[in-house]
Amino acid sequence: MLAKGKIGTGGVSALRHPVYLNALAVVLLILIIVSLGAGAVKISPLEVLAVMSKAIGLSSADPEVVHSYVLMSIRLPRILFAILIGSSLAVAGACLQSVYRNPLADPALIGVSSGAAVGVALTLVMGSMLSGTAALQVFLGVWSIPIAGFIGGLAATMLVFRLATRNGRTDVATMLLAGIAVNAFCGALIGLMSYLADDAQLRDLTMWSLGSLSGANWTSVSTLAPFVIVGLIVLWRSAHALNVLLLGEAEAFHLGTDVNRLKRRIVITAALMVGAGVGSAGIIGFVGLVVPHLLRLFAGAEHRFVLPGSALLGALLMVGADLIARTLAAPAEIPIGVITALLGAPFFVWLLLRNRNKWRL
Amino acid sequence: MTSSSSYRPGLWTENLQIKQGGKVILDGVNLRVSPGQVTAVVGPSGAGKSTLLRALAGEVRPSGGRVGIGPHELREIPIAKMARVRAVLPQDSSLNFPFKALDVVLMGRAPHNSGMERPEDIDIARRAMAYSRISHLEERDFATLSGGERQRVHFARALAQIWPNGTQTPMYLLLDEPTAHLDMAFAQALMGGAAHLTTNNIGVLGVFHDLNLAAQYADHVVVLRAGRLFTEGTPAEVFQPDKLRQAFGWDAITIQHPTTGRPVVLSAEGDKGDFESIISA
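Taken in sequence, the protein lines are chains S and R.
Residue 319 is where the first sequence starts when you use the working numbering, and the numbers rise one by one after that.
Residue 2 is where the second sequence starts when you use the working numbering, and the numbers rise one by one after that.
Hints should not be assumed to be uniformly reliable.
[To be verified] Distance ranges between label pairs, derived from CB positions:
hint, chain 1, residue 1, chain 2, residue 2, range
1, R, S46, S, I547, 50 to 58 Å
2, S, A647, R, S115, 46 to 54 Å
3, S, L615, R, P120, 25 to 33 Å
4, S, L670, R, G29, 49 to 57 Å
5, R, P79, S, N340, 37 to 45 Å
6, R, Q189, S, I547, 52 to 60 Å
7, R, G23, S, A499, 29 to 37 Å
8, R, H137, S, L347, 36 to 44 Å
9, R, D124, S, A543, 36 to 44 Å
10, R, P120, S, W554, 46 to 54 Å
Hint data in this document are derived by calculation from the structure and do not stem from the laboratory.
Using N, Cα and C, we set each Cβ at its ideal position, and we do this for glycine too.
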């Protein structure tokens, strides 16, 4: 690191990245503390810190029992859940964009999320009808939902990839159109599931499909965490290869990358993360689109910056959106998917207009 | 390697056949790119020049015959290992994402480091940029560069990939119409730079549209016609009016360059086809 620093005139982008990443981490930490304190029971930042330090055994202070309960059993798992979802959507988005070599590839836009949603809806509704899925559910327990999301998401991703890629190049218009087709088809399947569902299933399905973090608890956090952590590690290890892939598939091959293996690894991992996330929190759109794009705008496309940056900024955005979701109309709660879509859709339009000529749309 | 244990120098094809979509693109091509030489591939459009380059790069697999480096066939050489001795300058390459020119050149070092560039990689990238005379572009966003500037950045990237390491290991640089986007002076600079690499035991293969560029820089010229090797030899042997007429269907005359002594190819006269009768018909 020191030796690299001496090289000097700031020629290598990687050298500037720690500043941005540290700043993002600090802001995220502050937002977490604010968010932990906000809600029906207001808790001051100092008390939040006191409860947290007691929880990890750093302090023997005696915070109020109710506050301690609210923080540890309700808000902390919810915020950790938001962090997991936000990071995985943003990092998966960044990686899919590199595989498609196109900055418009968002998991929700190109059908990964709705493919995952079909998997989840099938499991929720058909679980009691088909003995096969029922057995699967008994066998897999809490894992059945994220795994169903993963399989559905992977199938949709493969389909869009097949449709939109010819000779190693992805056509943007075809990719977005394929996304529309997959989304429409999946929407119809989910509609069918709603029609078939009984009242209890229908309520589950509706709550879940709007995109919400309200179901978060320690069980959902610990179910989702392994998927996200494994995914982040796999994708992080591919960061350098992804840089090279942006040059083009032939060029990446010339530079010693086994392109097909890399693409397969990325697509499967991204589908795993998005699928598990969608399974837990419903479809939350645009995070995977907005976050990597903002980062590239500020500091370039180097993945060793964009990937950790996406994890941090994705978490930041999701914790922030969740804070808005549960405080703006309190005591009611706005589905978080509604908020990210309200913020993200105009951004997407702006992106389209800005790059209209470049992508021949 | 079991099929052939004999030592063959260079990057070679043996009776190479390539089929794509049932169509034979290349057939029976024997070629050798020798370290220390510039080999030029010329031929009419659709003769299979770029396909030949892609086969030599290992990008397309032979449908028949063999491609190899030294004693090994390409399919026996791991992709990552291959990338340490062979670089390719593509005809054009798009990059929709913001990278600094230096970062793009540094990607050329990817085969030599495991994801984290070392100080010597940065040093080599800077030297490759100086060699390509684009040091002033180092900090520029690649996406904002002109077509010619991008081409030179990619050239520097390819150079950084096979930058001489002092061991005299034979290495290969494959150029696919390297000067297509370049002005004359830059085309000369790029080809001059590529030709000088041969002194470091690097074999250069270029696909050229411009015959005079091939005549000026090549030690060995290979003419492809309709997927087959039509003729090969030194520029003086190959660039002769009768051969050019047969290969390109082009009436050309060849003169000698007053200072280099190499052949210069010119059109015999303008095409005086029966245009008028078509208009007045």
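Right, here's what the structure says about each hint:
A hinted range of 50 to 58 Å holds for the C-beta pair S46(R) and I547(S), which are about 53 Å apart. Separated by about 51 Å at the C-beta atoms, A647(S) and S115(R) satisfy the suggested range of 46 to 54 Å. Against the hinted window of 25 to 33 Å, the Cβ-Cβ separation of L615(S) and P120(R) comes to about 29 Å, which satisfies the hint. The hinted window of 49 to 57 Å between L670(S) and G29(R) holds, with their beta carbons roughly 50 Å apart.
Our hint of 37 to 45 Å for P79(R) and N340(S) holds, since their Cβ atoms are close to 38 Å apart. A C-beta distance of roughly 55 Å is found between Q189(R) and I547(S), which places it inside the suggested range of 52 to 60 Å. The hinted range of 29 to 37 Å is satisfied by G23(R) and A499(S), whose Cβ atoms lie roughly 30 Å apart. Range check, H137(R) to L347(S): about 41 Å between beta-carbon atoms, so the 36 to 44 Å window is met.
Separated by about 42 Å at the C-beta atoms, D124(R) and A543(S) satisfy the suggested range of 36 to 44 Å. Take P120(R) and W554(S): their Cβ atoms lie about 23 Å apart, and the range 46 to 54 Å is violated.
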